[in-house]
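Given chain Z's structure and the hints, the job is docking chain Y with the ligands onto it.
There are 2 protein chains.
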Amino acid sequence: MEYKIALLSGDGIGPEVAKQAVNVLESVGKAFGHTFTFEEGLVGAIAIDKTGNPLPDETIKICLRGDAVLFGAIGDPKYDTNPDAKVRPEQGLLKLRKSLGLYTNVRPVKAYPTLLDKSPLKRNRIEGADMLIYRELTGGIYFGEKHLSEDGKQASDLCSYSEEEISRIARMAFEAAKLRRKKVTLVDKANVLETSRLWRRVVTKIAKEEYPQIELDFLFVDNAAMQMILDPRQFDVILTENMFGDIISDEASVIGGSIGLLASASVGDEHGLFEPIHGSYPQAKGKNIANPIASILSAALLLDYLGLNEEGNAVREAVDIALANGVVTSDLDEHSTYGTKAVGDYISVLIQSAE
Amino acid sequence: MEYKIALLSGDGIGPEVAKQAVNVLESVGKAFGHTFTFEEGLVGAIAIDKTGNPLPDETIKICLRGDAVLFGAIGDPKYDTNPDAKVRPEQGLLKLRKSLGLYTNVRPVKAYPTLLDKSPLKRNRIEGADMLIYRELTGGIYFGEKHLSEDGKQASDLCSYSEEEISRIARMAFEAAKLRRKKVTLVDKANVLETSRLWRRVVTKIAKEEYPQIELDFLFVDNAAMQMILDPRQFDVILTENMFGDIISDEASVIGGSIGLLASASVGDEHGLFEPIHGSYPQAKGKNIANPIASILSAALLLDYLGLNEEGNAVREAVDIALANGVVTSDLDEHSTYGTKAVGDYISVLIQSAE
Ligand SMILES: [Mg+2]
Ligand SMILES: [Mg+2]
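For the record, the sequence lines run as chains Z and Y.
Counting with the numbering used here, you get residues 1 to 355 for the letters of the first sequence.
Counting with the numbering used here, you get residues 1 to 355 for the letters of the second sequence.
Possibly wrong hints are sitting among the right ones.
If several chains are the same, the list does not tell them apart, and a pair holds so long as it fits within one copy or across any two.
Unchecked claim - When the alpha-carbon atoms are kept at most 30 Å apart in a straight line, the in silico BS3-like pairs for lysine-lysine are as follows:
{"#": "1", "residue 1": "K153", "residue 2": "K182"}
{"#": "2", "residue 1": "K118", "residue 2": "K78"}
{"#": "3", "residue 1": "K78", "residue 2": "K287"}
{"#": "4", "residue 1": "K183", "residue 2": "K110"}
{"#": "5", "residue 1": "K110", "residue 2": "K122"}
{"#": "6", "residue 1": "K98", "residue 2": "K146"}
{"#": "7", "residue 1": "K118", "residue 2": "K183"}
{"#": "8", "residue 1": "K341", "residue 2": "K4"}
{"#": "9", "residue 1": "K153", "residue 2": "K61"}
{"#": "10", "residue 1": "K208", "residue 2": "K86"}
{"#": "11", "residue 1": "K122", "residue 2": "K183"}
{"#": "12", "residue 1": "K182", "residue 2": "K205"}
It should be emphasised that the hints constitute simulated quantities derived from the structure, not laboratory data.
Since the model is a prediction, treat every value here as computed from it, not as a measurement.
Just chain Z, with the same shape it has in the complex (with noise of 0.2 Å):
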């Protein structure tokens, strides 16, 4: 098959990583016999540096045109510490999900063997966690209406959901479950919120209705809090709203160890972006040290959306590989002696010799 990727790479670390995510696409490619071709959008920093906008209209176009979104990363000092900056990086990732329809935020975690030292919880909690969370990522109280009374002393946000905005991501959760370990648990307070209680009457009813198969759970937010770091392991999917999910995967997020290893897929009904969540982490651009794992991860995502399931999974065997036999960047391995570079080779040539 062939397939049209668009590539935006952003600023500082972003074109280093997403360079070894092309590399091991083009890999998985020969290996499996497809074709993806790159077509390159500005975006970020280097978009308003060029442009004078973070999202210019023709990135908009490329990426309306592809088949999925590559995205490596993007923000700058010289926006985020000048705080006139009108424009600055991040608006234009807001408005690429929002011009995309992106409204779920899935997140992978997952404790590596090789690196479970590296983690702050201990190892016997941590061993074997593997979870995916499905987070609402265009409703909640983020996007409601805000308020501030004209003396400024009295302000509010408001957090609604609809039923449709509630089935729409609970579907992608259930299905998400189907091909794992079969259990999905919805993380919501409903013993006091309205709204989380319409979240746990939509998701009943459609895990009652048509995933009968998939086990289905409730845990309340602070519980889930705590119960994130006593025994991540119970965890498949978690399925939750907006802000549950922010608190919730960024908590998930140091479980693992590395930072460096996470990646993220947005996605909608039409569209698909797939990035690292770190960050541009501008002081290591160009310096050959920056981990590309988490961006070649986030080509695994891009694969899986594309319906290749069995070549997200190579890509994935591989990096379990890499890390394994240590190929790592020094974040990982003080005494590494890998550049991102190298590891994004290591993985690639994996990918091409295991077919």
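Coordinates of chain Y with the ligands only, in the frame set by chain Z:
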């Protein structure tokens, strides 16, 4: 001095652990020359059984005329597992907080040297952690207007705060920081929420004008959920709104290794209520195995509240010694033969002999 304490022991292990807290207060009385008198009130399941009401008016009166409320625990499986129960034990506590105007919840979290091996976090992360969490208890989204559309397909919850609600708890947190490491961390989501921006403005103004000696810093709640695991030692006093406080304080509760040691205070302008954070643990009732330390430490918070800081510290020091010497119940050491009463007696004797 003479102090009148309202004693609400409640259900399950509540009476057993509260009894040890009473013993400890009586020892403090002897050692420091105070008199504590206790007036008992019904609350929870036992109050429903005897009066039909989880919080009888007589109990409220007892609390209102006391100098402070010492609370045990509430909850009974015969109500918890019955979805048709019209009155529930927990309603007693919620109503009591409201009746007494308790708008601030305080939770100390400390890593005890002898319990580091019980923590899910690695020793080097947690050693020396010692924080106080100030959570706003009567405002925010838990108490805001709720709405469900007639067709049941759309729901909302309103989060709102006023300057007054923020400033009264902020001053309490700054006062606490004065007696500690002089640092307050405000946890919010000011990059997205209007209410969080109001919190930031109000707290910043109070810090500048009234507490120039206190360092104030800010963390977004998602980052705070990460930092609590990565580096809990960075926190001295955490100040936050109701829901963020619920999540962050429950997350923090598991890092010390035992929920059986955690006490909490709920305070307002005129009243204070002090309780362990653990529940009524009905399975352990009457077996002399419940850990009384959380209840004893809640008595220490009660002493602080009465302005008896030296006395509160004496209780905490005695608890430290009991833990260091292994005088603990079997939840903390499976080989221990000390029961609830033996641990309470040991701590009481220490307090009297220290003077
Ligand atoms: Mg976040
Ligand atoms: Mg809670």
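Now the hints, each set against the structure:
no., hint, in the structure
1, K153 / K182, "between (48 Å within a copy, 27 Å between copies)"
2, K118 / K78, "neither (32 Å within a copy, 45 Å between copies)"
3, K78 / K287, "within (19 Å within a copy, 65 Å between copies)"
4, K183 / K110, "within (16 Å within a copy, 35 Å between copies)"
5, K110 / K122, "both (15 Å within a copy, 18 Å between copies)"
6, K98 / K146, "both (19 Å within a copy, 27 Å between copies)"
7, K118 / K183, "both (28 Å within a copy, 29 Å between copies)"
8, K341 / K4, "within (24 Å within a copy, 72 Å between copies)"
9, K153 / K61, "neither (44 Å within a copy, 34 Å between copies)"
10, K208 / K86, "between (49 Å within a copy, 28 Å between copies)"
11, K122 / K183, "both (25 Å within a copy, 29 Å between copies)"
12, K182 / K205, "within (17 Å within a copy, 51 Å between copies)"
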